[in-house]
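Student: Construct all of the structure, not just a fragment, from the sequences and the given hints.
Protein chains in written order, with the numbering used here: chain A, 34 to 288; chain B, 1079 to 1268.
FYI, nobody ran anything at the bench for these hints, they're computed from the structure. Any given hint might turn out to be false.
[Stated by the list, open to error] Covered stretches of chain A, going by a simulated chain B footprint (3 or more residues, C-beta under 8 Å):
# : segment
1 : 164-173
2 : 178-186
[To be verified] Label-pair restraints from in silico Cβ distances:
#  : chain 1 : residue 1 : chain 2 : residue 2 : range
3  : B       : Cys1167   : A       : Leu61     : 51 to 57 Å
4  : B       : Leu1177   : A       : Leu61     : 39 to 45 Å
5  : B       : Arg1135   : A       : Arg62     : 55 to 61 Å
6  : B       : Leu1177   : A       : Cys142    : 40 to 46 Å
7  : B       : Arg1102   : A       : Ile232    : 23 to 29 Å
8  : B       : Arg1171   : A       : Asp167    : 45 to 51 Å
9  : B       : Thr1207   : A       : Met34     : 55 to 61 Å
10 : B       : Leu1082   : A       : Leu61     : 38 to 44 Å
11 : A       : Ser184    : B       : Thr1134   : 36 to 42 Å
The C-beta atom is built at its ideal place from N, Cα and C for all residues, glycine as well.
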Amino acid sequence: MLSLTIWCCGVLLEALLLFRGFRAKLFLRYPNFYIYVLTLFLSDGLSYLLLHVLKVPSYDKWFWYSGFLILFLGCGIVLEIFRHVLSPYAGVEKLARVGGFAILGGVFCFAVLYPIFAPSDTVAKALYVRLQRDFLVVQAILLVGLLQLISYYGISMGKNLKGMILGYGQCVGTTVVIFALQAYIGRRFEPAWNLIQQISYLAALTIWVVNLWSYCANPVPEATIGVEGDYDRLVARTRNMVGAASTELVKVNRP
Amino acid sequence: MIQLISFLLIGVLLLLSLWSFVRRSQRVEGGSGALVHARQALNTLQGGLLPPELVTRIFAREDLEYVESNTAKEIRELFIEERKIVALCWVSRVRKQVLSLKRFHLGSARFYARLDVRTELSLAVDFATLLFACRTLQVFLYFRGPYAAPRIVGSTAATAARVCKISEESLAFLTPVYAVSDSAVGPARS
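Tutor: Rendered as structure tokens:
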């Protein structure tokens, strides 16, 4: 009953998020994110219809296919975050872009090829769970990397993107931890795991609704210097400074 | 088991990163503000923290000798304790200003499309090493006191000269791009 209530709350929050996305014209600014939310909304709504109203026996098959689609679109959110957060910082964006696209391509290929070669539903289910876990781990690594870059280069951002990162990040982090524990402890605590995951997802939706209520632009960074050729000079000077200072400090430490 | 630990670590690391992301304060951005901050850091290092006479005074052995020859043991201990606090405070402020210069580099480098991953990584290591050296110095002073190693004075003064000279050069080549004065002014690209 609790699970069903959370499910319904989730669908309502998704609907509210989509409504605000249309009203505040955020759809145009964050298309990948809203396609993801729209897919979740349709998937959850249809799942509810198939499972509880129509009681369709082939629900499982629908679930796996929608699961793959959501997995794939989840990577779109990560790319959306990368694009918006790093676009004013050409250098940092370059570091993140290559890795992000490689992973998206890999997952897309798998999602296309998998239904063709999947031998049976049981194998499909086992493979799906494994793929979901591995894929979420990859996303978690990407998000950790992005958060480290943001912290290291002191990148500031608006409320919308902060909310997007926080909501999606906590959901991915919680799911990865649960999958790891599930693989070790087994299915004994499955109802508890499911409940935690549902609550985490509900928390993500709440964070998104609050932070994406209206458009909040990212602070525009002021470039310190503009000429591309200056980078080499900047690096050379900084390297000299650090090298010289290190040498002297080593001397200080070895009297 | 290894898989469990690695997955758990990644999940927990992500949650911790998010926690620090939520708590972090907005840092000074690039632009004229960063340039002025870097200049201020350099000025503080050159004028306030690293002049040889100040460094010599903090670690002056003559002061200790004077106190030792004229006062009681308790006063001598109090004197050493307070000198240690001053020395530690000095290293800590030097470290803070070096951090400020590091931020300036990062604030400038992040805009370059030609940013080289390997170079940035090696610079990150260099900065980390320098800051670690400052920390080591703090530990050294904390446990052995300001008078344990006389040569520390000369070497620190040398560090001061080197850091300031090169930092000044580093900032000097950026200055013409802006109409920068000591007060914060908006960027004026040439």
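Student: So, for every hint listed, does it hold in this structure?
Tutor: Hint by hint, here is what the structure shows:
Closer than 8 Å: that is the beta-carbon criterion, and the segment 164-173 of chain A has 3 residues meeting it against chain B, so the requirement of 3 holds. Closer than 8 Å: that is the beta-carbon criterion, and the segment 178-186 of chain A has 6 residues meeting it against chain B, so the requirement of 3 holds. With their beta carbons about 54 Å apart, cysteine 1167 of chain B and leucine 61 of chain A fall inside the hinted range of 51 to 57 Å. Checking the proposed 39 to 45 Å range against leucine 1177 of chain B and leucine 61 of chain A shows it holds: the Cβ atoms sit about 40 Å from each other.
Distance hint check: the CB atoms of arginine 1135 of chain B and arginine 62 of chain A are about 59 Å apart, consistent with the given range 55 to 61 Å. At about 44 Å, the beta-carbon gap between leucine 1177 of chain B and cysteine 142 of chain A stays in the expected band of 40 to 46 Å. Distance hint for arginine 1102 of chain B and isoleucine 232 of chain A: a CB-CB separation of about 26 Å, consistent with the stated range 23 to 29 Å. At roughly 48 Å, the beta-carbon separation of arginine 1171 of chain B and aspartate 167 of chain A lies within the given 45 to 51 Å, and the hint holds.
Remark: the range hint 55 to 61 Å for threonine 1207 of chain B to methionine 34 of chain A is upheld by a beta-carbon distance near 59 Å. One distance hint, 38 to 44 Å for the beta-carbon pair leucine 1082 of chain B and leucine 61 of chain A, holds here, with the actual separation near 43 Å. Under the hint 36 to 42 Å, the C-beta atoms of serine 184 of chain A and threonine 1134 of chain B, about 38 Å apart, fit the expected range.
Consistency with the previously given hints is maintained throughout, with no hint failing.
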